[in-house]
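Asks: Sequence:
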Amino acid sequence: AGALAATKATNPEVKRFAKLMMSEHHALRKQGADLAKQLKVTPEPPANDPVTPLAQQETQALQSAPKGAEFDKTYIDQEVAAHQAVLDLLNQAHDQADNAQLKALIEKAKPVIEKHLDQAKQLQQKLQTSA
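Residue numbers for the sequence shown follow our numbering, beginning at 9 and rising by one.
Be aware that one or more of the hints could be misleading.
In the DSBU-like style, the derived pairs of lysine-lysine whose C-alpha atoms are separated by at most 35 Å in a straight line are [said to hold, decoys possible]:
1) Lys27 - Lys111
2) Lys45 - Lys118
3) Lys27 - Lys116
4) Lys23 - Lys111
5) Lys45 - Lys27
6) Lys27 - Lys48
7) Lys123 - Lys23
8) Lys111 - Lys129
9) Lys38 - Lys75
10) Lys27 - Lys38
Taking CB as the label site, the calculated pair distances span [stated by the list, open to error]:
11) Asn107 - Ala11: 28 to 34 Å
12) Thr15 - Asn107: 37 to 43 Å
13) Lys123 - Thr50: 26 to 32 Å
Keep in mind the hints are simulated off the structure, nothing from the lab. The beta-carbon is built from N, C-alpha and C at its ideal position, and this holds for glycine as well.
Construct the complete structure from the given sequences, taking the supplied hints into account.
Replies: Shown next as structure tokens:
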């Protein structure tokens, strides 16, 4: 989504947010992959995973949104929903995790996701105000 937003977004703040998402999400994914490798486990989404369908929905919405203000709003609206779902999932995973390293990684990731959610909500508000 961030890569698509980097090319189709026109609002400079939305473009900056998209680039931030690409770099910080990559770092989080790498930390998760490194831990999975260390623990010799294959990560799998939980039953009733809300994030995968949201990601697919976001991709479809972004691909069909025209470049410009409509794309910017669609992207940020999708990012708010996605980050809220990820945060909810992290809270659930933390409560259910038995592995101390996994709990620690979730605790490290949560503030990053919360920051992204807050930034997305602020941008969402700005885009609604300027529309």
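Asks: Of the numbered hints stated earlier in the document, which are not met by this structure?
Replies: none
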